[in-house]
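Letter by letter, the chains look like this.
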Amino acid sequence: MNPVKNMRREDMGLQCLAIGLFCCFVILAGGLWYVQIVSFKKYEKYREVQSYRTVRIPAPRGLIYDRDAQLLADNEPNLNIVVYLDQLREDFTRTYHDLKGDKDLPYLEGLELEKDARYLTVSNMVYEASVIIGKPSALVRSEFESHYYRHRYMAMPVLTGLSREQMARFMEQGSRLKGFDLEVRSKRRYPNGSLAAHLLGYMRPRQRTSNEETATLQMSFDYELPDFMGKYGLEGQYEDELSGEPGAKSILVNNMIYRQEEEEWLPLLPGKHLYLTLDTDIQKAAEDALRYLNPNQQRRGAIVVMDCNNGDVLALASAPTFDPNIFTGFLPASVFNPMIDPKGSLPLFNRATYGRYHPGSIFKIMIGLAGLESGIIDPEAEFFGQGYFPMSGRRIDDTAGAGYFNFERAFYKSSNAYFIHYGLKLGPETIVDYGNQIFLGKETGLLPAQETGGYFPSKQTVRKGWHPGDTANLSIGQGKIDVTPLQMAVMTSAVANGGTVFWPRIVAGWESMMPNGASVFEPEPEGRIRGRLRASPQSIEILQKAMLADVENRNGSGSICRIPGYLIGGKTGTAETSFKNSNGRRIKHTWFVAYAPHKNPRYAVVVLDSEGLSGRSSCAPLAKIVFTSLKDLPNPSHIEPRKKVFTLGDNARSL
Amino acid sequence: MHARSKHWTHRIDWVLLLALIGLASIGVAFIYSAASVHGITDPEHWFQHRFVRQIFACVLGFGFAVGVCFVDYHLIARWSMLFYWGAIIALLVVLFFDPIHGARRWLSLGPIRLQPSEFSKIATICALGHFLSRPLDELRLPSLFFQTLGLIGLPFCLILIEPDLGSSLVLIPVGLVMMFIAGIPKIYLARLVSGSLLVLSLVVVDTLFFPKLLPVVQLEEYQKNRLRVYFGMSFAPPNATQAEKRKADREEREFSYNVNQALISVGSGGMTGKGWCQGTQNALGYLPKPVAHNDFIFSVIAEEWGFLGSMTVLLLNGVVIIQGLRIASQARDRMGKVIATGVVMLWFSHVFINIGMNIRLMPVTGLPLPLLSYGGSSALSFMMAMGLLQNVKIYKRNY
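Those protein sequence lines, which keep their order, are chains Z and S. For the first sequence, this note's numbering assigns the number 1 to the initial residue and increments by one for each residue that follows. For the second sequence, this note's numbering assigns the number 1 to the initial residue and increments by one for each residue that follows.
Hints in this document: simulated from the structure, not taken from any laboratory. One thing to keep in mind: the hints can contain errors.
Claimed, not checked - Computed cross-link-like contacts, EDC-like style, restricted to lysine to aspartate or glutamate with a CA-CA straight-line distance of at most 20 Å: (1) Lys186(S) - Asp11(Z); (2) Lys274(S) - Glu261(Z); (3) Lys274(S) - Glu44(Z); (4) Lys289(S) - Asp86(Z).
Unchecked claim - Sample of chain S residues facing chain Z (criterion: CB under 10 Å; computed from the structure): (5) Ile12; (6) Val15; (7) Phe180; (8) Ile264; (9) Met271; (10) Thr280; (11) Ala302; (12) Glu303; (13) Leu325; (14) Ser329; (15) Ile359.
Only a predicted model underlies this, so the values are computations on that prediction, with no experimental measurement involved. In this text, a Cβ means the ideal position worked out from N, Cα and C, and glycines have one as well.
Chain S with its partners taken away, still in its complex shape (with noise of 0.2 Å):
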């Protein structure tokens, strides 16, 4: 291979990699710290523990993530479109299971169980850098356009329907950024995001306040209520009866519950937190059971190490998107630029919105906090896209 020609040690990008192996041992420390004070039954084997199991998907990932360092991105780009609807299908193959808690979004395979539409947004990054890797006057045009709107418009809407509210929005920032980056007239994108930002606050208004009225888009109830929540509105439609209020009042504290249980934690973290294993917000089970260690992680690890601890998560995300962005502009042509923002992107959308959730900067969605939630596809997935952008650096020299 080209790659290994010149000192392949200087081809790696070595911050990076340590932000990425200080993360991935973050999440499974407090993977740990989540799932060992339960109280549960323990597990039978000792390879059925989360965090043993979190160990396993990082190691896994990070092989994936070197085997994808081995193949030249353009190759990879080449077969994307073959990836893209691999993904597709597995999304609707996804959607003949039978739901758990509610949603059909995993793949039920033996003991493990995958979850394509974390490897449908790599799929979908690769085959937009792809498709727009072509030439900028082509890009003008608006067919064009509308093909790169049904590319991301395909998955978006099968991960809706899972439902997965949160995983297929953030394919909306990845989407848009791309193609800014690409070079997609600024006019079209304009119009796209002012286009989306008036549906979306259609679909806020329409919810919190005609809920009955005009029923532009159906959202699930749960939606609606954490919409409702996030903006502090009450369950109870206005002309509702003493019975109805109460019971739209108790609705409401059940699900503000999650998110003034996870301020909570963040809050009385402080400075310096309670300690590694020692915050009790989670140990007594206020934080609830299901979303402690993967959707709430992050208020586990505010918890027991305070403002600090936040900090080094937010440091460390910091110093991967920078990294990335770096690996971006660095890029050997616009395919590679396309791709490594995209991926940057994925990943910050997921940090700035869980987070965001565990402060109420965001409502809360069902997305996981990269390397650092309990999750073997997202830790998989999330390793892959991160060997994507060291291809990207790797053979940026390569012509």
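Here chain Z stands alone, though its shape is the one from the complex (with noise of 0.2 Å):
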């Protein structure tokens, strides 16, 4: 045997198995440059989610004031007890060997036992706390149980809504317990109780499966503390505006999902304050007018004051109304359910901008100026009405009784035959147009989708399948023709400032704080106009002049609103409708509109009973009560955010 040549052979051997080993090296390292480099940010991902959890944090929501800064909604500390779960590891695993003792147990069993350990420990330490603080309370197990199984990671709340009292005697005993904290959140709160509470709106619990964060944020939270979100009024409509936008932090679990660690990233973005064109002491003149007479029945009506010269909303009454304090709470479906209930009072339901009715006589105001304005009624010409007006067949009554009528007598008898037969002159499709000018029909624009636009025919209506009789109805204000009290302050609006129909406003503007502590106000555009009316001030004057005499005339039908010394310009109305109330009367919408001063007109109030007998009687008296406290009140100020004093409510608004 030649040893060299051996040696050559075995040395081939070695070489095959160096070649093999770095064949397998080139292999794992292959792998490793596909999982660490190629897959980085896949398994980084899988990392993330497995060991973060993002939860949101609400924002303080912004305020809301009235033109003069005073507070309609006010946040207010809700003070809680929360205890930390992860805190309390070590006396979960004391309690399950105490529970246990030397026995062995089977897998489930033992699984059971953890978790009746788990429950225990925790209610044992509430217990103690509740005593402490004196408010007797019990920790629910479905409850814990469902926080330790989704959310351990987060403080569990086992003790809410504290008074301070009880607050003060937890800081001074309980910090004995292990895992127990304090925490502060914000509650919303209606300091005037139900005063605009149909504008404002309430607020209800979010719902976890709301997604409109997700769908601008893009990202998903496991965990959202509770917070409100605004359902209904201005809480609904600005809710993005109100509630800013939430932060977010991380929190880092361990694989038992127990906080390990927490970060906050996303740093949240406060609400917006939000200044409105509402008066308080307006509205408050406004509820108690819808109270009067009758505090304890419940009126249907609205009232809604307006700035004529500008379309600012000073006062939204609707009645009956409701505290929005108690949406924040726990509400019982047995508060809750007779509130909607259709059969019922409709507490919930906003008869100022939601309501539609019948506009009856007030709508001759718009006759009455079409007529003038086309010179088809001559102002001074006498009719002779015959006490009721012979249409088809069929008699239209007229209260107004048998006489001859001007222009101004019959504005102010409310006579339904002068209307009807100068309505009948003028024609479907002027009377139309003219109620286009105010744009009767169409919403105003102040709460979108939150009004009505009510109904209104249009041209097309009235040219095909439109008879007499419809525009004999529509000229006194029935039949075919909805609106709803804001509308009708527009439209008063209109006529008292000389022909300026604006787009009505209850935003004043929104007051953003800065990081830096200063606040920025930007207003929203005030009197927007929407449209004129077609009419020369001549014509303007003489209707302006004929709602004079409505309240000043002691025939007027208006006249119980009369104010010595303050002049108001009105119009009554009373429509009749196809429904009928409880006593099987028909139901009537009555109405009374004004403005006031006469000479130089400010306010338009516009007041609807929805079952009242008629609008002298029940309007008229109820527009008296709100003139009363206008006309000692000085003109409307500009509207600007105040210096506030800070409290404890702004303060302790974050978390």
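Hints given; two lone chains; assemble the complex.
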């Protein structure tokens, strides 16, 4: 045997081996490169998903002020005691071993016992805490377990809604309780109770499933700290602006899903403060007026007060009303269900913007204007009314009685015969044209999606299948016409200010807080003009005089509203409907629209009682109450945020 | 001694030594990292810390290795059958101890626990080296081939029934390569390889597809499950009821948990990693505590040092293997060459299987990563194996 040859052959084997091992190393290196470099993002994502939980932190909600910076909606601190479960892990184990003793348990029984041990540990501590603060409370097992399984990395609220006294007691003695802590959350409060409730709206607990943020922020939260969201009124309308933008924190959790570390990475953006054109005093007067005469019986009506020179809404009252504060707490069905019972008085229903009513005689304002402007009505010409109007075989009643009427007399006596006569002469298209000038049948844009436009025929409608009877009805505000009190306020303002139709405005501006503590006020445009009445100043003057006579003339239908030394122009309206009330009588929509002072009009007031007797007896007295308080008020001031004194409520809003 | 007659410093493989020191240091550092952040109660005494014990083991192992270097490997080989049978007895004795974590792998001697399977691998390598160093003509005899198989098969079976599938399987590549290098006819080896491949695939197919039909080899349930996880098979039998399926799915999740978490650790390390002691996978307990510091130490390294760290580990091991192969090629006789190759192959198998399992290239087995994984027996035995390698180098010019 040749040893050299042998060696070479053997070296060949080693070379093969070396090559083989090298290949294996290349495979390993390639695998590592693939996993660590190519798939890095994927695994990093996995790691994040399993070890981080994102928590939504609600931002302090913007406050709502009236035009004089009086608070209409506030945030108040809500004190809770919470327990951090991650700090109790050792106690869980201890309790478990105490319960178990020396026994050996099968796996599943052991798990059950661990459950019991956890609940027992926490519930004993909750009991101790409840003794300390003197508020009996028990830990609900199902709630505890659900929190434990889903969000054990979060503190669990165990005692909620503490009084300050209870808080003090807990701070004094509760520190020995491991894992327990005090937490402040904020809660919406409406300091004036039901004042302007329909306008402000209310708040309900935010549903976990609502995805508004998820859509815009492209993120989903594992846990959302309890929060409320505006459901109705301005709270609902401007939810985004008021709620601000929630912050987010990430909680690093271990494999037991217990909290390890927290990091707040998305600072929250506090909600903007909302300034309204509303005047708390006027609103109060309006709501008092709605309670006038029958404070207990639930009047179903509305009062709108508008600055007729710029369309600012000064009061928007609807009756019956409700207290929005009850919605932020636990709301039992026995309280809520009657509120939405269609047979009940529907207190949540905003009659000022959502109610559709026949205007009745107050629509004669528009008929009169159209007649005067087109020259069809000669204000001085006398017209003989028979006390009724014969209309294709039937009679339309006329409460004004028989006699001779010039325009002013026909207006303040509210002669149906007179206005039907001229209405028919005007023809439906002209009437529709004048209705369109005040945008009947269209929403006013005050609360988008929270108001109705009512109904008003279009020119197409009146051209086909339209009967003179319909025109006659329309001429006295009956039949195929539905309006809202807010629309009538716009109309009254337009007549009072000489013909300008405004977009009504409720939002005066937004105040945003800057991070440096300064604030910026962004006003909403004031007095946006929507249109103009096609009427000469002379026509409007004649109309205004007729409206003045309605109140000032002893025989005027609105004479109840007369206030000595304060000239008011108005018009009553009573519209019969086909509905009947519980007494079997036809329901009447009764109105009184008015403006004052006559010389230099400032306020337009609309009163509606949807189940009144007549405009004269049901609504004019309420308007008088409102005007009585209005007449002493200084002129509406310019709206700007005032310097506020910061109270605990403001500071405690942050969590 | 002859060795000292020449410059002994020239006879030591310094590159190999440096690579070993590097690996051992990384090992200690990451055992520290894996244990320090758990928040488990600190041990009472400083010497009970895992990384301290690992340092002990490494230093002790180094001492043994130096001791091994003083004895010519020919002398060691002459006594190797004694070591071999000693190891076999130890493997038998182990079976009478109470199982720990479901396996009887440890000899409890007071405060220390030894894992005889680790030492038996080296004893087997020595014994094989000695046995295969006979003239080439003899190696051609089929009877000798079967005796060799028996030599490997005895510890293989004993380790298998502990059970420690990984450790026993490592003997197969080691034995095969040693026989190949020693000059056992390739035809035998080819038959052996194809035969064992056939058996292996039968086992796998049997486990995966016909769990109850053909019980060819009865694997432990957890071993079957590891195979199923590796091949991505559902745990549920095809005609399982809803409840059974759910139970099986849950088991599957639990079983693939380690693998998935290791993969997430390695993958989320990226290029540079999160920094020593900064890894979250281990700190938060996603990497299971019982294995993070030993079987899955590589994922801790890969997470905290990233791709660069894993390449460093790979490189150091590559150096060990290259130096080992050089020593094998320069050995003065076939026995030295075969022993050196066996040691290299043992080292390589551990590295490949362990790292491979961290990145899902290999099914999960409980094989330690040499000098990196926590474990006294493993550190001791690998240090001794390296001593053996040095020994082959030191005594290559002694005749």
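Hint-by-hint comparison with the structure:
1. Lys186(S) - Asp11(Z): Holds, because 15 Å separates the two Cα atoms, which is no more than 20 Å.
2. Lys274(S) - Glu261(Z): The given pair, whose Cα atoms are some 17 Å apart, holds under the 20 Å limit.
3. Lys274(S) - Glu44(Z): holds (11 Å)
4. Lys289(S) - Asp86(Z): holds (19 Å)
5. Ile12: With Cβ-Cβ at 22 Å, over 10 Å, it is violated.
6. Val15: Violated, because the Cβ-Cβ distance from valine 15(S) to chain Z comes to roughly 16 Å (cut-off 10 Å).
7. Phe180: holds (6 Å)
8. Ile264: With a minimum Cβ separation of about 5 Å from chain Z (threshold 10 Å), the hint on isoleucine 264(S) holds.
9. Met271: Since the shortest Cβ distance to chain Z is 6 Å, the answer is holds.
10. Thr280: holds (6 Å)
11. Ala302: holds (7 Å)
12. Glu303: holds (9 Å)
13. Leu325: Holds, about 5 Å.
14. Ser329: holds (5 Å)
15. Ile359: holds (5 Å)
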